[in-house]
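No gaps in the numbering here: position 15 of the sequence shown is 15 in the numbering used here, and each next residue is one more.
Calculated from the structure, these hints are not laboratory results. Note that the structure is a prediction, hence the values are computed from the model and not measured. Among the hints, erroneous ones may be present.
As the list claims (entries may be wrong) - Restricting the straight-line Cα-Cα distance to at most 25 Å, the calculated cross-link-like pairs of lysine-lysine (DSS-like) are: (1) K294 x K99; (2) K271 x K259; (3) K157 x K127; (4) K291 x K259; (5) K108 x K291; (6) K170 x K108; (7) K271 x K60; (8) K60 x K291; (9) K78 x K127; (10) K170 x K271; (11) K60 x K127; (12) K157 x K108; (13) K294 x K271; (14) K124 x K99; (15) K291 x K271.
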Amino acid sequence: MWNATYAESHQYYTLPELVPIVLKVLSLQHTSKVSLAKESTNSSAAFDGKSTIPIWLDGKEVVTADTFDVYSPLNQSKLYSCSSANEDDVSLEIQSAQKAFLTWSQTKPHIRRDIFLRAADEYKRRKDELRNYSLTETRASDAMFNVEHEAAYQACKDVAGLIQIASTGKMPIVSAEGGSSAVLNEPFGVVLGIAPWNTPNILGIRACLQPLAMGNTLILKGPEAAPATYWGIASLLHAAGLPAGCLNTLYHRTQDASKITNALISNPMIKKINFTGLTAVGSIIASLAGKHLKPLVLELGGKASAIICEDADLGLAAV
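With the hints as extra help, turn the sequences into a complete structure.
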């Protein structure tokens, strides 16, 4: 199932062991309500194409002390500045996500579902804004943006529709006479998502939806080349009602990549890692994750070769 990589399955075999599990499941039906984050008063205007792009920390937009410049891939002109996280910022983001996990992991599936459905509405409402970010930063064609935007919109709805089923446990039959068993799907905790600059709308939102759907909280490390697009993704999820701390975002200067990535992966509160990007970088991340015995999901590049014939429509082939 699609949730298999973001929930741990635990199996219990005897009736005495089953009793506390059932009590735990019943107790979840009486958890206190989560107060949804209010839409930031400047959620669609905090970044105006001229100001410095902030990180998201505990539901707030924060401009860090350090920044870096973002350049146009078309002519290398400066587009704007972006906040650059340091190791102290990393620590604050993880602490915020860990605190939010204690409550978010207890929310009912329908609460998460409704947030994702509102996020889909936000995608539609803010399509022109997101198009501007994407085309400015990646110079993708309008046709390509439309494809990934529709995919992101549908992903919000698809994941929303699967949350209830994916969150349901199982009662498998066991061979032991008089024995019983139960399988519960439980979230890992704080997940680190590292997503790329290409097709950022779909790959960025995809890195968020599935971990959040299963009750995890997320640190999303966005690319230096497309920070406005990733700011937009976090902005619309917060506008949809995602509680503070459930999704924290950060970016960093190129020269800080090693120390920031190491600070993230080595932190004991990070329980799982999801990376999409270059094979060479994936190898480094896999090595760091292995050092700390942390599970990870890798989607690596270099496997999408294509043959373009002489009579091909080059414009269509490029898309």
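Verification of the supplied hints:
1. K294 x K99: 20 Å, holds
2. K271 x K259: Holds, at about 19 Å.
3. K157 x K127: 16 Å, holds
4. K291 x K259: With Cα atoms ~15 Å apart, K291 and K259 stay inside 25 Å; holds.
5. K108 x K291: 35 Å, violated
6. K170 x K108: Holds, because 17 Å separates the two Cα atoms, which is no more than 25 Å.
7. K271 x K60: 24 Å, holds
8. K60 x K291: Distance of about 33 Å is beyond 25 Å: violated.
9. K78 x K127: Roughly 24 Å separates the two Cα atoms, so the pair holds.
10. K170 x K271: This hinted pair holds, its Cα atoms lying about 24 Å apart.
11. K60 x K127: Holds: K60 and K127 sit about 23 Å apart, inside 25 Å.
12. K157 x K108: Within the cut-off at roughly 17 Å; holds.
13. K294 x K271: 6 Å, holds
14. K124 x K99: The given pair, whose Cα atoms are some 31 Å apart, is violated under the 25 Å limit.
15. K291 x K271: 13 Å, holds
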